[in-house]
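Undergrad: Here's the letter readout for the chains.
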Amino acid sequence: MTKEDLKIKLIELFPQFTTEIPSATIDESGTWLKMNISKEDFLNVVTQLKTNLSFHFDFLFCLTCIDWKTHLTMVYHFTSTTHRQPLVLQITLDREHPEIETVSSIWRTAEFHEREVYEMFGVNFLHHPDLRLLILPDGWENKRPMLKDFEDPINMIKL
Amino acid sequence: MYRETDIVQDTSIEGDLIINVGPQHPSTHGVLHLVITLNGETIKKIEPHLGYIHRSIEKMCESLSYRQFIYVTSKMDYLSSHINNHGCALCIENGLQIEVPPRAQAIRVLMDELTRMASHQLWWGANAMDIGALTPFFHAFREREMINDIFEETCGTRLTMNYMVPGGVMADLHPNFQKRVKEFIPHFKSKIVEYDELLTDNIIFQNRTKGIGIISKEDAISYGCTGPVARGSGVYCDVRKLNPYEIYSQLKFDEIIETGGDCFARYMVRMREMKQSLSIIEQLIDVIPEGDFQAKTKAVLKLPKGEFYSQIETARGEFGVYIVSEGGTTPYRIKFRSPGFSNLSALDFMARGSKIGDLIAIMGSLDLVIPDIDR
Amino acid sequence: MPSLENIADIIHTWLNITFNSTTALLIELVIVAVSAIGLFSMLGLILIMMERKVSAYMQVRLGPNRVGPKGMFQTVADTLKLMVKEGMTPNGADKFLFNLAPFIVMIVAMVILAPLAFAKNFQLWDLNIGILFVASVSSVSVIGILMAGWASNNKYSLLGAMRSGAQIVSYELSAGLSIITIVILTGSLKISTIIQSQSDGWWIFKGHIPALIAFVIFIIAVTAETNRAPFDLAEAESELTAGFHTEYSGMKFALFFLAEYVNIFIVCVLGATLFLGGWMPLHFGTDTRFNELMDYIPSSLWLFGKTFFLIFIIMWFRWTFPRLRIDQLLNLEWKYLLPISMFNLLLTTLMAIMGWHF
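For the protein sequence lines, the chains are A, B and C, in the order given. Residues 432 to 590, numbered by this note's numbering, are exactly what the first sequence covers, in order. Residues -11 to 363, numbered by this note's numbering, are exactly what the second sequence covers, in order. Residues 15 to 372, numbered by this note's numbering, are exactly what the third sequence covers, in order.
It cannot be assumed that every hint is accurate.
[Stated by the list, open to error] Output of the computed footprint for chain A on chain B, the stretches with three or more beta carbons under 8 Å from beta carbons of chain A:
| # | segment |
| --- | --- |
| 1 | 4 to 11 |
| 2 | 44 to 55 |
| 3 | 157 to 171 |
| 4 | 180 to 194 |
| 5 | 283 to 297 |
| 6 | 305 to 314 |
Source of the hints: derived by calculation from the structure; they are not laboratory data. Where is the CB? At the ideal position from N, CA and C, for every residue including glycine.
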């Protein structure tokens, strides 16, 4: 499956792209197709992506977050072991109280990745089975060290 | 800041025994901390506690320039530091549209495959040691030492090479390189037979690994396993085949697939991969193209605004580098998708219901490198 | 020719001439105790050195080569280090049992020494149930191990001790049954009689296939009983860090370590006594010149030669095989070794009744 095929299929499936004020956009500039969707559509979209056999995105190989100082962006990299066409999914989140549905029930690898994003960026994954600190020691809850304005005079040396 | 060891106390339901395996334990090969809930000798639950060697490399890289941050990545998966450097270099080249000279491409592939072999050799010894056979470890080190010597001549160091730079490699090959590699090839060919005789064909070893830690193809995909762990379950996931970089598309080699999904399948994948790596080196060693070993690049690299992702096959699986650039001299955000992190998440699934001895065998078959997981 | 027997005789006569019989006996007891302890410490040093050299040879490396000529005094230096090291007792441990356990293990190993014959007529106590004594006393050592595991208040130790308990109790059956094979052939439990019965040929040759099977089972079972790899589940350093002696340090740890090697020595002496003719030289039928030549070699050398051969085999196991899992270990005993030993016992009995052996 090529990038264009994937785009056509995506537009067929999700009417959000074609409505008057699109709540979702598709970006073709990168190597891979990038899709921006809203938080409300998220769970519906990813479930479709996984279960719909014409996409069958069964392999979530990267899950991370970017701090843009004004907002956070969740980035999901999917690929399919049958079609082999990766897709990048981006969701914009509120910076102060980021919240998003978990995908750990769809891709089990997300459980660890989401725990990492939770402790590093403070994103609250709703309905996550076990949302605790994974890498950071106890007492680092809500410190969100990967945010750009994080200050730690002891451990960080400013270049 | 001093970190308190959060040793988990026995506060569970009656009848359960909670054991802390690690952070210092002979078979975690690093500072992995597993909290295991046991019922007798049977494992009920495994909970990894990570971060004992977390250095926040991703945050660190945000303040380092594109040339500098590559050197930090050597310290992640220290057993395939060449490949880590390579992955980062690929991502930068991808962003800057740098054409790497053919000689540099060949050198990179040679180094990658040597690294893969060295890493698998160490794993072979360590896996055998986990299962209780101590001798293979030293036999594996004998061969690994030869590879390390080859690296030392060309790169100057033995473990964290820092040899790949954006646009090629840092220095040309040492004049002895070809000779040393040609000495190594027949030596290792005879020794890999010895490996099989010593461990693979051993009945106790087979009993310890066959049917242990089974993970099906679907589960392996769902847990995001890559590398030998996924290929042992029959998942085609070799980046060198699926998404060829450098000159891999011109080389003849097989993607090793086993369908058992157990420790023995993963073991066999790695054993056969070593032979494939050897054949790649054989194909390349006599036909390294002449020419530049590095493309001409600017002194200060600036990636254009955008997002770049590159994948590379390390000895442990797919290593991904995700760079978000704002157009400056440093990456705005960088994310390393380490293979060990995802492979580790499948540990609980694999080991539930088996014995402590099996857990050690499974951990050995996952080939975990803790700095790679913690980053 | 000076042999151990002669030396012992000379001392005995001299003591009896110089002192009255009671004092002589007491002095002899002291000499015996001192030489037993001396033997033990020597054994510890030599066997540990041997283990390190054997392992080094198998692992393509050199082994200890710094202290003394060819590193011969490395173990002495190690012992010295262990002696001056602090023997710590963990806070939550049962102090009494914790400190008692290494001594139990050690004393048991020493007591087994009593009925063993080290050379011709050189035996501490030739009691008429010698083999039974060895078999029963050796099973006490599991109490020491369980005690160590329990008293340490450490979960690794506890698991190791439980494994060890299950393992030793199981493998004693096979070891016992293979010993009984020879007892049936000999018709005696007395060690001197067993050795004497092999004057015209060792049981491993005379006893046909049953003796051979019994020998193989004996070697497997005692390897398991002494907690040696591939049956070292009680220690299993890659699983349980160090198993039952995780919390021990200094001299208390050294006692466990020493006891392990002394136990190996003892079971190998036992194996040599039962199957390889003890101190009996190798004799071939009617070839008198060959037999006389063999007789010329001191009997103590024969025993130690055979013993060290068996010890080498057991070390060879350790450095070659991976470790079994606990259920596989018990399966091996209860599903394979025990039925085979029982059948073998039947076969031996038949053979002994019909007089088929030489």
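Undergrad: Evaluate each hint against the coordinates.
TA: Hints versus structure:
no. : hint       : in the structure
1   : 4 to 11    : violated (count 0)
2   : 44 to 55   : holds (count 5)
3   : 157 to 171 : violated (count 0)
4   : 180 to 194 : violated (count 0)
5   : 283 to 297 : holds (count 4)
6   : 305 to 314 : holds (count 4)
When the structure is compared with the earlier hints, violations turn up for hints 1, 3 and 4 and for no others.
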